[in-house]
Amino acid sequence: AQKVTQAQTEISVVEKEDVTLDCVYETRDTTYYLFWYKQPPSGELVFLIRRNSFDEQNEISGRYSWNFQKSTSSFNFTITASQVVDSAVYFCALSEAGGGSQGNLIFGKGTKLSVKP
Amino acid sequence: DTEVTQTPKHLVMGMTNKKSLKCEQHMGHRAMYWYKQKAKKPPELMFVYSYEKLSINESVPSRFSPECPNSSLLNLHLHALQPEDSALYLCASSQASAAGNNSPLHFGNGTRLTVT
Numbered sequence: 001a002q003k004v005t006q007a008q009t010e011i012s013v014v015e016k017e018d019v020t021l022d023c024v025y026e027t028r029d030t031t032y033y034l035f036w037y038k039q040p041p042s043g044e045l046v047f048l049i050r051r052n053s054f055d056e057q058n059e060i061s062g063r064y065s066w067n068f069q070k071s072t073s074s075f076n077f078t079i080t081a082s083q084v085v086d087s088a089v090y091f092c093a094l095s096e097a098g099g100g101s102q103g104n105l106i107f108g109k110g111t112k113l114s115v116k117p
Numbered sequence: 001d002t003e004v005t006q007t008p009k010h011l012v013m014g015m016t017n018k019k020s021l022k023c024e025q026h027m028g029h030r031a032m033y034w035y036k037q038k039a040k041k042p043p044e045l046m047f048v049y050s051y052e053k054l055s056i057n058e059s060v061p062s063r064f065s066p067e068c069p070n071s072s073l074l075n076l077h078l079h080a081l082q083p084e085d086s087a088l089y090l091c092a093s094s095q096a097s098a099a100g101n102n103s104p105l106h107f108g109n110g111t112r113l114t115v116t
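Top line first, the protein sequences correspond to chains H and B. For the record, in the first sequence the residue sitting at position 12 is 12 according to the working numbering, with numbers rising by one throughout. For the record, in the second sequence the residue sitting at position 43 is 43 according to the working numbering, with numbers rising by one throughout.
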């Protein structure tokens with residue numbers, strides 16, 4: 001069965017601190033995709049990154065970075081020098097490959113990040 | 001601003017009412033989705049349309065009726081809802097691919113529905 005675990009329910013940091021959001025996944029598929037989405041208080045889900053199972057390279061985008069490790073089935077997300085605007089709920093998600101599963105994202109329960117000024 | 005537009009932003013309806021949620025995208029995406037999100041929970045998939053045809057229905061009760069009039073529009077018709085159906089309803093779209101390259105979903109801001 002597929003499953004995504006975000007063990008951290010809520011995290012609170014002070015502005016400019018670095019913070020890492022953990023994501024551990026389970027799947028029996030050899031081909032799969034991992035995603036991170038941000039959901040600010042306004043409600044929309046904002047796509048941050050997609051990674052396929054064959055690409056273990058870490059990625060950096062500005063203050064955001066992602067560490068994908070198949071050996072530990074983890075896809076962690078780090079925000080460097082956090083800002084108040086980073087406050088949101090962050091979801092990690094998994095989907096299997098195959099046209100029939102379009103949109104069938106398995107979401108983790110989300111981590112609520114609060115960045116205090 | 002999101003490229004997927006949902007209206008209305010908020011909706012309050014009684015259990016005997018009939019209402020519709022609307023979603024529009026102009027990114028040329030051929031796959032569109034309805035998700036339901038309860039407070040402090042992750043989104044749950046309801047329906048998927050691919051090339052204007054319903055491809056996934058996640059055992060959603062018939063009081064929710066989706067409709068895809070064309071490739072840019074997606075509606076969700078509501079009838080005889082229950083208070084427990086109160087939630088944030090999110091529309092999303094993505095490139096559709098038979099090869100299943102799992103293109104990222106682009107979500108709208110959602111409609112916050114309250115059933116009284």
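Note that these hints are calculated values from the structure, not bench results. From a predicted model like this one, the values you see are computed outputs, not experimental measurements. Take the hints with a grain of salt, since some may be wrong.
[Claimed, not checked] Mimicking DMTMM-like on lysine to aspartate or glutamate, the simulated pairs with C-alpha atoms at most 25 Å apart in a straight line are: (1) H/Lys-112 / B/Glu-84; (2) B/Lys-19 / B/Asp-85; (3) B/Lys-53 / B/Glu-84; (4) H/Lys-16 / B/Glu-58.
Which numbered hints are broken by the structure, listed smallest first?
3, 4
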